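Engineer: In case you want the letters, here they are:
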Amino acid sequence: MVHPLLFLQFISSKLQALLHIGGEAANAIVYTWLVIILLFALSKLATGSMKMVPSGIQNFMEVVIDGVENMVVETMGPHGRSYFPLIATLAIFILVSNLIGLIPGFYPPTANINTTAACAVIVFLSTHIVGLKQHGFHYLKHFLGPIWWLAPVMFFIEVIGHLSRPVSLTLRLFGNMNGHELVLMIFFGLAPFLVPLPMMLMGVLVSFIQAFVFMLLAMIYIHGSLEEAH
Amino acid sequence: MSFFSMCILAAGIGMALGTIGTGLGQGFAVSRAVEGVSRNPGASGKILTTMMIGLAMIESLAIYALVVSLIILYANPYKDIAVKALETVAK
Numbered sequence: 000m001v002h003p004l005l006f007l008q009f010i011s012s013k014l015q016a017l018l019h020i021g022g023e024a025a026n027a028i029v030y031t032w033l034v035i036i037l038l039f040a041l042s043k044l045a046t047g048s049m050k051m052v053p054s055g056i057q058n059f060m061e062v063v064i065d066g067v068e069n070m071v072v073e074t075m076g077p078h079g080r081s082y083f084p085l086i087a088t089l090a091i092f093i094l095v096s097n098l099i100g101l102i103p104g105f106y107p108p109t110a111n112i113n114t115t116a117a118c119a120v121i122v123f124l125s126t127h128i129v130g131l132k133q134h135g136f137h138y139l140k141h142f143l144g145p146i147w148w149l150a151p152v153m154f155f156i157e158v159i160g161h162l163s164r165p166v167s168l169t170l171r172l173f174g175n176m177n178g179h180e181l182v183l184m185i186f187f188g189l190a191p192f193l194v195p196l197p198m199m200l201m202g203v204l205v206s207f208i209q210a211f212v213f214m215l216l217a218m219i220y221i222h223g224s225l226e227e228a229h
Numbered sequence: 000m001s002f003f004s005m006c007i008l009a010a011g012i013g014m015a016l017g018t019i020g021t022g023l024g025q026g027f028a029v030s031r032a033v034e035g036v037s038r039n040p041g042a043s044g045k046i047l048t049t050m051m052i053g054l055a056m057i058e059s060l061a062i063y064a065l066v067v068s069l070i071i072l073y074a075n076p077y078k079d080i081a082v083k084a085l086e087t088v089a090k
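Quick mapping for you: the protein sequence lines, in order, are chains A and B. For the first sequence, numbering that gives the first Met the number 0 begins at 0 and goes up steadily by one. For the second sequence, numbering that gives the first Met the number 0 begins at 0 and goes up steadily by one.
Hints are not guaranteed to be accurate.
Taking beta-carbon pairs under 7 Å as the criterion, some of the chain B residues facing chain A (in silico) [claimed, not checked]:
id : residue
1  : Ala55
2  : Ile57
3  : Ser59
4  : Leu60
5  : Val66
6  : Ile70
Keep in mind that the hints were calculated from the coordinates and are not lab data. Owing to the predicted nature of the structure, the values given are computational and were not obtained by experimental measurement. We treat Cβ as the ideally placed atom computed from N, Cα and C, and that holds for glycine.
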């Protein structure tokens with residue numbers, strides 16, 4: 000399926016010819032760049048001239064960052080603050096890429112499976128790196144279960160459980176965003192006037208909830224590898 | 000021709016069966032969460048977070064069904080074989 004109208008089509012068609020990739024992948028790459036530029040400009044604007052009494056865009060960004068930090072501390076405890084940059088980056092990037100799809104002419108990068116897989120693999124790798132840093136060799140105990148003579152069985156179950164995490168993170172975000180795009184496109188084909196509007200309203204809800212869930216699960220996975228095995 | 004109609008049938012039936020269980024599960028989860036909040040409104044924040052995680056976990060089952068249906072409809076691995084067989088039948 001090719002999106003009917005995209006305003007960055009001219010870049011993505013060039014990229015498509017250059018890299019020999021599909022249309023959707025090229026669109027995802029171009030709109031990921033757009034999101035990166037947007038977020039970069041926003042953070043530059045917010046931190047360019049910082050004041051003690053914030054106003055305007057600095058005020059808004061402080062509210063956002065404060066909310067995310069409160070959530071991190073609530074879920075992971077005070078020692079989770081050192082993982083705040085990773086979590087907040089993921090959350091803000093995913094939220095903005097979800098929401099950008101609601102504007103006509105934009106393609107949400109998270110509706111492509113490669114973007115969501117990249118985010119999920121980052122979470123997967125960082126959980127294990129955090130666990131290895133925290134516990135060293137004893138991190139292996141996380142995989143062995145509570146009873147020593149069940150350890151060989153538990154090991155394989157735990158490994159499968161850990162490998163299913165990036166798969167479920169990837170497919171959840173991708174399925175939600177891609178499904179929403181599909182439903183919108185089908186409604187648009189059937190009845191373009193006012194009928195897709197309730198679906199778009201639901202899209203706002205889905206965007207926020209999926210970004211929240213991704214953030215929450217990333218926090219819970221990192222917290223799980225931080226705590227002691229029992 | 001019947002291959003493609005069967006594909007569409009499989010996607011529809013698969014999606015329907017996939018959503019039955021998910022809907023039931025999410026309904027139970029939300030009903031218990033509402034019960035918990037009405038008994039102890041002070042704990043609504045924690046209950047909301049836990050419910051969200053549970054709902055996301057349950058929802059991923061329906062998303063798996065959706066992804067499989069999408070693969071059947073749009074990225075069917077046996078499409079080329081079916082088209083080739085159709086061409087030979089047409090000849």
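Engineer: Does Leu60 of chain B pass the interface check with chain A, least Cβ-Cβ distance below 7 Å?
Structural biologist: With a minimum Cβ separation of about 9 Å from chain A (threshold 7 Å), the hint on Leu60 of chain B is violated.
Engineer: Is the shortest C-beta separation between Ser59 of chain B and chain A less than 7 Å?
Structural biologist: With Cβ-Cβ at 5 Å, under 7 Å, it holds.
Engineer: Take the shortest C-beta to C-beta distance between Ile70 of chain B and chain A; is it under 7 Å?
Structural biologist: violated, 11 Å
Engineer: Are Val66 of chain B and chain A close enough, Cβ to Cβ, to be under 7 Å, as the hint says?
Structural biologist: With a closest approach of 5 Å, the Val66 of chain B hint holds.
Engineer: Interface hint check: Ile57 of chain B, Cβ to nearest Cβ on chain A, cutoff 7 Å. Holds or violated?
Structural biologist: violated, 11 Å
Engineer: Let me know if the C-beta of Ala55 of chain B comes in closer than 7 Å to any C-beta of chain A, holds or violated.
Structural biologist: holds, 4 Å
In summary, the structure is inconsistent with hints 2, 4 and 6 from the numbered list given earlier, while agreeing with the others.
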